[in-house]
Amino acid sequence: MLPPWTRAPLLSFGQPAVILAVLGAAAILACASSSAALFLSSAASESLRVQLAAECDDASYPELQQLGTSGFNRGQEPDAGRDERVAAAMTGQGLSQPYRLALTPGTVAIGANDQTTLSRMFYRDGAPDQVNILDQVPGEGLLLPAGAAQRLDVTAGDTVAAGPASFAVVGVYQDLFSEQTVRPYWCSYTGLFLNQASLDPPPPALVIVTDSALLEDLQSSFDAGLQSESFDRSWIAPIDTIGLTLSEARQIVEQRDRAFEQAEIANQFGRRGETGLLPELVDRTTLIIDGLRGPVVPIALGGSILALLLVAAAGSYWADRRVREVRLLSSRGVGPAALAGKAALELAIPAIAGTVLGWVLSRWLIKSLGPSPVVDPSAPIQAALTAAVGLLIGLVLLATVAGLRARGSTERTIGVKRSWASRLPWEVLLLVAALVSWLQLRNEDGVVIENNVAQVNLLLVSFPLLFLAGAAVLVVRLLAALLPLLRRRAGRWRPAPYLAVSRVAASRLVSAGLLAAVSMPIGVLVYASTLTDTTEYTLAAKAGVVVGSDIAVISVDRPTRSAAIDAVGTIVARYPYGSTDGQDVTVLAIDPETFSDFVYWDDRFADTSLPDLLAALAEDDASPGVNALAMGLPDETLTVTLGMRDVEVDVVGSADTLPGRRATDPLLIVSADELGEIDRTAGRFTEIWSTSTEAAVREALPEGIRVLRVQGTDTVFRVANFLSVTWTFGYLQALAAFVGAVAIGGLLLYLETRQRTRIASYALARRMGLKPASHLRSLVIELGLLLGLAFVVGAALASSAVLLVYRMLDIDPTRPPGPLLTAPVITVIAAAAATLVVALLTAAYAQRAANRADMAEVLRLGA
Amino acid sequence: MNRVSDACGAVVAGRGLSKTYRRNAEQVHALRDVHLTLHAGELVALVGPSGSGKSTLLNVLCGWERADAGVLTWGAELTGRHAEEMSWGELALIPQALGLLEDLTVGENVSLPGRLTGKGDRGGKAARELMTSVGIAHLADRYPTQASLGEQQRCCVSRALLLSPRIVLADEPTAHQDADWTEVIFTAFRQLVRNGSVCLIATHNPETWQYADRILSMHDGELREGAPTPAH
Chain A
1 MLPPWTRAPL LSFGQPAVIL AVLGAAAILA CASSSAALFL SSAASESLRV
51 QLAAECDDAS YPELQQLGTS GFNRGQEPDA GRDERVAAAM TGQGLSQPYR
101 LALTPGTVAI GANDQTTLSR MFYRDGAPDQ VNILDQVPGE GLLLPAGAAQ
151 RLDVTAGDTV AAGPASFAVV GVYQDLFSEQ TVRPYWCSYT GLFLNQASLD
201 PPPPALVIVT DSALLEDLQS SFDAGLQSES FDRSWIAPID TIGLTLSEAR
251 QIVEQRDRAF EQAEIANQFG RRGETGLLPE LVDRTTLIID GLRGPVVPIA
301 LGGSILALLL VAAAGSYWAD RRVREVRLLS SRGVGPAALA GKAALELAIP
351 AIAGTVLGWV LSRWLIKSLG PSPVVDPSAP IQAALTAAVG LLIGLVLLAT
401 VAGLRARGST ERTIGVKRSW ASRLPWEVLL LVAALVSWLQ LRNEDGVVIE
451 NNVAQVNLLL VSFPLLFLAG AAVLVVRLLA ALLPLLRRRA GRWRPAPYLA
501 VSRVAASRLV SAGLLAAVSM PIGVLVYAST LTDTTEYTLA AKAGVVVGSD
551 IAVISVDRPT RSAAIDAVGT IVARYPYGST DGQDVTVLAI DPETFSDFVY
601 WDDRFADTSL PDLLAALAED DASPGVNALA MGLPDETLTV TLGMRDVEVD
651 VVGSADTLPG RRATDPLLIV SADELGEIDR TAGRFTEIWS TSTEAAVREA
701 LPEGIRVLRV QGTDTVFRVA NFLSVTWTFG YLQALAAFVG AVAIGGLLLY
751 LETRQRTRIA SYALARRMGL KPASHLRSLV IELGLLLGLA FVVGAALASS
801 AVLLVYRMLD IDPTRPPGPL LTAPVITVIA AAAATLVVAL LTAAYAQRAA
851 NRADMAEVLR LGA
Chain B
1 MNRVSDACGA VVAGRGLSKT YRRNAEQVHA LRDVHLTLHA GELVALVGPS
51 GSGKSTLLNV LCGWERADAG VLTWGAELTG RHAEEMSWGE LALIPQALGL
101 LEDLTVGENV SLPGRLTGKG DRGGKAAREL MTSVGIAHLA DRYPTQASLG
151 EQQRCCVSRA LLLSPRIVLA DEPTAHQDAD WTEVIFTAFR QLVRNGSVCL
201 IATHNPETWQ YADRILSMHD GELREGAPTP AH
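As given, the protein sequences belong to chains A and B, one line each in that order.
Position 566 (the first sequence) corresponds to 566 in the working numbering; numbering is contiguous.
Position 211 (the second sequence) corresponds to 211 in the working numbering; numbering is contiguous.
To be clear, the hints were calculated from the coordinates, so they are not data collected in a lab.
Bear in mind the structure is a predicted one, so any value in this text is a computation, not a measurement.
All residues carry an ideal CB built from backbone N, CA and C; glycine is no exception.
Mixed in with the good hints, there may be bad ones.
Claimed, not checked - A few chain A residues that don't get close to chain B, going by computed Cβ distances all over 12 Å:
#1 210
#2 213
#3 216
#4 567
#5 612
#6 711
#7 748
#8 759
#9 765
#10 766
Unchecked claim - Partial list, derived from the structure: chain B residues whose beta carbon lies under 7 Å from chain A:
#11 101
#12 103
#13 181
#14 184
Stated by the list, open to error - Pairwise CB distance ranges, derived in the manner of DEER restraints:
#15 69(B) with 773(A): 44 to 54 Å
#16 841(A) with 76(B): 41 to 51 Å
#17 851(A) with 23(B): 21 to 31 Å
#18 164(B) with 773(A): 19 to 29 Å
#19 335(A) with 164(B): 51 to 61 Å
#20 23(B) with 335(A): 51 to 61 Å
#21 381(A) with 22(B): 36 to 46 Å
#22 229(B) with 841(A): 33 to 43 Å
#23 492(A) with 164(B): 45 to 55 Å
#24 841(A) with 77(B): 35 to 45 Å
#25 825(A) with 23(B): 29 to 39 Å
#26 385(A) with 22(B): 22 to 32 Å
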C-alpha cells in the first residue's frame, strides 16, 4: 500500500469540480499577487515609449561630447585618433558604431565679395544627402543655404572666408526652413534653421561642412583669426528605442558613462561629456514608477487578500465534496491538523497548476491590456516569486479551512442562532476609516506634483476602497432587513418570482454576502473609471482651451476670411499685450459666424450656452462700446488699451473658462468686425483655429501667408507626466474586474455547494407542477435580483465617492478648466451587460445541472 | 416467477420488471422479474432489509428510473400514461431524502403543490388541516431546517397528501417517527385509500406492517407476497 503522501495528491483527480475550484482560486490569487511587478514594469516601458515618442528619434541616443569652448584647445595639436578612440570606447561597451556631429556653438562670420553673414558651421555624417542641393561642384568644402549664398553673391565653385582662410563652396542648398516638411534627419536641429520664437534677427545661416577632415582646417582658421570659435564635437550611437525597457535604458546610460571614461576626451574645467536625453527620461520614468508604486502595491495586496477568500472558499468546498470520508476520519479520531494536511496534499497539484496558470494569465493580461506589452526580463521572475509566496500562503489557508470545515466546526446552517458578534455592524469601522481618509484628503492635494510629474495621493485610492467596502456592507445589511417584507409580498406572486424571492430571503446571510461581494467590484470599477475618464477629459479640455481648437496655425501675417479657410477653420486675431486698468489682458478678436464651428467648448465652461454668448457678442445695442465676453474680469464697461488705441469694451457675458487662454491674464473675446483696425504696435498674431489637419489648413491659406508655428492639443502637455494618474485608476479598474472574477467564482461555488439541495427541491417541485421554464425564470429572477441590486448599490456608492473627491483631482490647477466630471458611459453599460450575462449564464448553468441530474440518486442521497 | 396479484381492476401493474446496476466489476440485481399489482383502496407495505431493492422499485414506479425489462401498465383513468407525466394529484411521492424546499417555510412546503398546479386549497385551509392532523401546524412559519427530522418528515407526508392523489409512493415515511406519530401518519394514509387511492409504503419497520392491507416483501431484488420468512 502506498504511503498517504504519495497517494493523497492523486485523490483529488476523482473530484473534477474540486480541482476546478482550487485551480481557479489559485490562478486568481497568482494573477493578483504577480500582477503588480509586471504592471509596474509594463508602465515603465510605456512611460519611456511615450516620452521617446515626444522627442526626435536621435535625442535619446547615447552621446559623448567634447565641448569646443573658445580658445581652450588653441595651440594644441589636433587629436588625430580621437574619432577612432571614441568609437572603440563606445562599441567596446556594447553600443553601436557612433556617427559624428560637429557644430559651432556660436556664430561664425563668413564673407565673400565684400559681404559678410553670420553662420553656424555644421557637420554630421551624411548631412549633404539630407538637403535639397540647388547648385553643386565636385569636391569637399562648404554647402551654403540659398539665402546666405544670395547675400554673399556666391555660387558653387566660389570660395568664402571663414577666418583668415578661405574655403571652397561646393554647393548651394535650399534653405531648410523653406522645405514643406522637416525631414526626420533634421528633427533635433530645427532650432538652427526655424525661427519658431519669431526672433529678430532670425537664426544664422546653417553652413554644412561636407567632410570631417575640413573641421580641423576650419578650427585652425578660427584659432588664427579674431574669432575664437571651436566646434562642439559629438559621437552618437544609435539605439533601437522600440520596445525599450527601463532596465535596458539604464544599462545604455551606464554603457555610455563607461565609454566616456575610456574615450579620454578632455573638456574644459573637467566638464562631463556624456549627454543625450536618455538619462533624463530614465530619471523621469523612475519618478513616475515610484509614484505609481505607492497606490499599485496596496491595490495588489487588497486583490490578493480578496483572492485568498476565494481560496478559503475552495477549501470549504473540498470539505463539502469529501464530507463522507472526512466525517469518517473525524469519527475515528483524526484531528483537524491531520485533515488539513490531507487537504493540502490532495489539493497541492491543482493549486500549483493554478498558480502557474495565474502567472501565465497575468503575463498575458499585462501584455494584452497593460500599458505596454514590453516588460523587463526580471519582472516575470519577480512576479513568479510573488506568486509562489501567494501559493504557500494560499495552501496553508486552504488546508486550514478545509480542516476546520471537515470537522464541521465552522459549519453554519440556516436557522442556527447567529452570534452577537455577527450582529455587530463591523463595517462602521471601515466607514470611520474612510471618513478619516477623506478628512485628511481635504487638507492635501489629490494629485501631488513632484518634478512636474503627477502622482496620485494614496488617499484617493484608500478612501474609496474603505468607503465602498464599509458602505456596501452597511447598505446590504439594511436591504437584508427588508427581505422579510419582500418575502411576505411575494406570497401573492406567480411561482417564478415567488420561488426566487423565497430563495433570496431564506438565505439572507448568503444573499447579503453575495450582494456585498458583487457591489464592491462594481463600485470600484465605476469609481476608478469615472476618475480616469474625468482626468482624461479634463486634460483634453485644458489642452483644448489652450489651443482654442484641435490645432491653431499661427501666423504673423494677416490672412483674411475665404471660402477655403471657412471650410477648415475660423480666424482669430490674438492681441496678447492688451491692458485694462493697469492689468494685462489678452484680447481675441473672432469671427462670430464661424467661431462656434471650430472652437473647443464644453457647456460647463459657462452658465450660458455658447450660441447665447455669441449672440450677445453680436447684439447691436445702443452702447458705443465693443461687446465682449470675459474670463477673469467683472461684467462692466472697461477701457482696454491695444497698441495706441483705447477701446471701450462692454462685457456682455462671462465664462469660467474661455478657449484660447494661454497665459494667466484675463481674457476678452470680441467680434473682429466690431473691434475694427488695431495698429501694429499692439502686437498681433493671426491664428486659424481648426479641427482639420495642419496640412489642410496650410493648403487653405493664401499664397504668401507665412506660418509661424502650429500648436496642437497633443503638444500642450508633456503627457508622460500625467500617465501615472490614469494608470493608477486603470489598475484600480483592473482590480475591480479581478474582484468581479472573484465574486463570480464565489457565486459559482455558492451555486455548486447548494446544487444538491436545489436539485432535490427542483425534482420534487417539477412533480408538483413546476414547469422547467418557470424554474429557469425563477433562477434568472433570483440571480438577476441579487446582481442587479448589487449593480445599483455599487454604482450609487461609487457615484457618491466620486462626487466627494473628483474636485481634488486637478492635475494642473494653473490651467482652466477645473476637473470636469465625466461619466464612464461605456464602462457602466459594459459592466451592466456583463452583470446581466453572468446572471443569465449562472441561471442557465444551475438549470442545466438540475435537468441533467439523476433524480433517483439525488433523492436517495440528499438531505 | 412470483405471481403477486391479479391485474384486473388494478391502478398499476408491473410485469417482469428487472433492473441491474453495475458497481465496478460487480453486477447488482436490484429488481429480478418483479410482478406487482396495486388496487384502488389498498394500503400496501413494501418491506425488506436495506439494499433489497425497495427504493429501486419505487423509483421505477414513479418514473425516475427505467426498468431494464418488463412492462408497467396503469389502470383506470391513468391508462396509457407515463409516471413522469403524472401530476401531483395523480401520483405523489414521499422520498427518503424528503426533498423539502429549504427556502420555503414548512407551511409553504405543504401548500406548494396547490400553488404550482393552481388547484387545491391555495388559501391553505387543506394544508392547515393536514398540518394540524400531523402536529406541525405550529411550525408553519418555520423553515424546514428549524424543525426536527421527524417534523420535516410529517411535513413531507402532508405535502404528498394535499391534493388527495390517486397513488402515493412513500419511501420510509415513518423512519424518524415514534409509535404515536407513526400511527397518525398511517391513519392519514388510511383515510386517503378509503377514497379509492392506493398507497405503497416502503418500510423496514415491522411495527408498521399492522397498518397495511397487504404486505409485499423484497429480498435481493425479488418480490414476494406476504411478510418476509425467517430465512429472509
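Verification of the hints:
no.	hint	in the structure
1	210	holds, 91 Å
2	213	holds, 94 Å
3	216	holds, 95 Å
4	567	holds, 69 Å
5	612	holds, 60 Å
6	711	holds, 66 Å
7	748	holds, 19 Å
8	759	violated, 9 Å
9	765	violated, 7 Å
10	766	violated, 9 Å
11	101	holds, 4 Å
12	103	holds, 4 Å
13	181	violated, 18 Å
14	184	violated, 22 Å
15	69(B) with 773(A): 44 to 54 Å	violated, 35 Å
16	841(A) with 76(B): 41 to 51 Å	holds, 45 Å
17	851(A) with 23(B): 21 to 31 Å	holds, 26 Å
18	164(B) with 773(A): 19 to 29 Å	holds, 27 Å
19	335(A) with 164(B): 51 to 61 Å	holds, 53 Å
20	23(B) with 335(A): 51 to 61 Å	violated, 33 Å
21	381(A) with 22(B): 36 to 46 Å	violated, 52 Å
22	229(B) with 841(A): 33 to 43 Å	violated, 57 Å
23	492(A) with 164(B): 45 to 55 Å	violated, 25 Å
24	841(A) with 77(B): 35 to 45 Å	holds, 43 Å
25	825(A) with 23(B): 29 to 39 Å	violated, 60 Å
26	385(A) with 22(B): 22 to 32 Å	violated, 50 Å
In terms of the numbered hints stated before, the structure departs from hints 8, 9, 10, 13, 14, 15, 20, 21, 22, 23, 25 and 26, listed from lowest to highest.
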